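First to last, the protein sequences are chains A and B.
So the first sequence is numbered by this note's numbering: it starts at 1 and just counts up by one.
So the second sequence is numbered by this note's numbering: it starts at 138 and just counts up by one.
Since the hints were made in silico from the structure, they are not lab data.
A few of these clues could be false.
[What the hints assert, rightly or not] Estimated spans, in silico, between C-beta atoms of each pair:
(1) I153(B) x I95(A): 51 to 61 Å
(2) S114(A) x D154(B): 46 to 56 Å
(3) L18(A) x G212(B): 35 to 45 Å
(4) D122(A) x P195(B): 54 to 64 Å
(5) Q225(B) x A13(A): 43 to 53 Å
(6) G50(A) x D214(B): 39 to 49 Å
(7) D194(B) x A13(A): 22 to 32 Å
(8) D106(A) x A198(B): 51 to 61 Å
(9) Q102(A) x A198(B): 40 to 50 Å
(10) K115(A) x L220(B): 11 to 21 Å
[To be verified] Anything over 10 Å on all C-beta distances counts as not near chain B; from chain A, calculated:
(11) L22
(12) S31
(13) R33
(14) S48
(15) S62
(16) P73
(17) K87
(18) L90
(19) L93
(20) D98
(21) Q100
(22) G107
Please read these numbers as outputs of a predicted model, since none were measured by experiment.
The C-beta atom is built at its ideal place from N, Cα and C for all residues, glycine as well.
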Amino acid sequence: MTDREPQKLLSPALVPSLLITLGGRVLPGGSRRDRYRQEFLSELYGVSRGRQTVHAFQILASSWSLRSATRYPQREGNTMLSILRSKPPLCLLNIRHDWQTQSSPDGERYQRCSKCGKDRMDYPWGTDPKGRNTIGA
Amino acid sequence: MTIPTQFVLRALLSNIDRELYGVEIGAAAGLPSGTVHPILARLEGLGWVTSRWEDIDPSVAGRPARRYYKIDPQGADAVRNALATAYQARRAPSTSWVPQPGQ
């Protein structure tokens, strides 16, 4: 073996490659489809087989969102899939938040979930620390 | 602007002199790697982000060229303004439900 021989990275396995190709079918044809297919395949190099499969599934799941983004870039990608991925499940279902007290530049205190960014609506107005309604009290 | 879009823009702004490819952007933004490409495509369509193929010889590197992204220098101010506007919108707590005098 010589020093100039290229170092071979782990190439994409068959299943991830097929998933990438399948996801690419959704995209508009022509150079754009080729570009993304080449881009996604290049990202599979050098990562483990398991990670390749996970990545390829994520690419496949986002392919409709990518199609929409390439055709209508002005539209915000607020698809159900992106919403589901955007927040932790407990935050998404509004079951539990990680409220952190913060202060605005004008000194007003408020609470915000450190995980999803939601502002607490009943703080500090409307309820006392025990959760009782104090409006009009 | 969605929160994932803000995360992607922040990841790119924090490395404004460095180009990143999709997996790196996903890692920097804390998002699943597949999620970032639709966001990047949208930002590229808006002219806020530019991309280019990596300039390598695949036979030497042992892999194909990656697609690298960075904030467009012309659009950096627009990106910062958009992020500031989104931050202000999230920061200001809504009081629309509070009964107003006379209601």
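Structure-based check of each hint:
no.	hint	result
1	I153(B) x I95(A): 51 to 61 Å	violated (38 Å)
2	S114(A) x D154(B): 46 to 56 Å	violated (29 Å)
3	L18(A) x G212(B): 35 to 45 Å	holds (36 Å)
4	D122(A) x P195(B): 54 to 64 Å	holds (58 Å)
5	Q225(B) x A13(A): 43 to 53 Å	holds (46 Å)
6	G50(A) x D214(B): 39 to 49 Å	holds (42 Å)
7	D194(B) x A13(A): 22 to 32 Å	holds (24 Å)
8	D106(A) x A198(B): 51 to 61 Å	holds (53 Å)
9	Q102(A) x A198(B): 40 to 50 Å	holds (46 Å)
10	K115(A) x L220(B): 11 to 21 Å	holds (19 Å)
11	L22	holds (13 Å)
12	S31	holds (12 Å)
13	R33	holds (12 Å)
14	S48	holds (13 Å)
15	S62	violated (4 Å)
16	P73	violated (2 Å)
17	K87	violated (8 Å)
18	L90	holds (16 Å)
19	L93	holds (16 Å)
20	D98	holds (15 Å)
21	Q100	holds (13 Å)
22	G107	holds (13 Å)
Consistency note: the structure conflicts with the earlier hints numbered 1, 2, 15, 16, 17.
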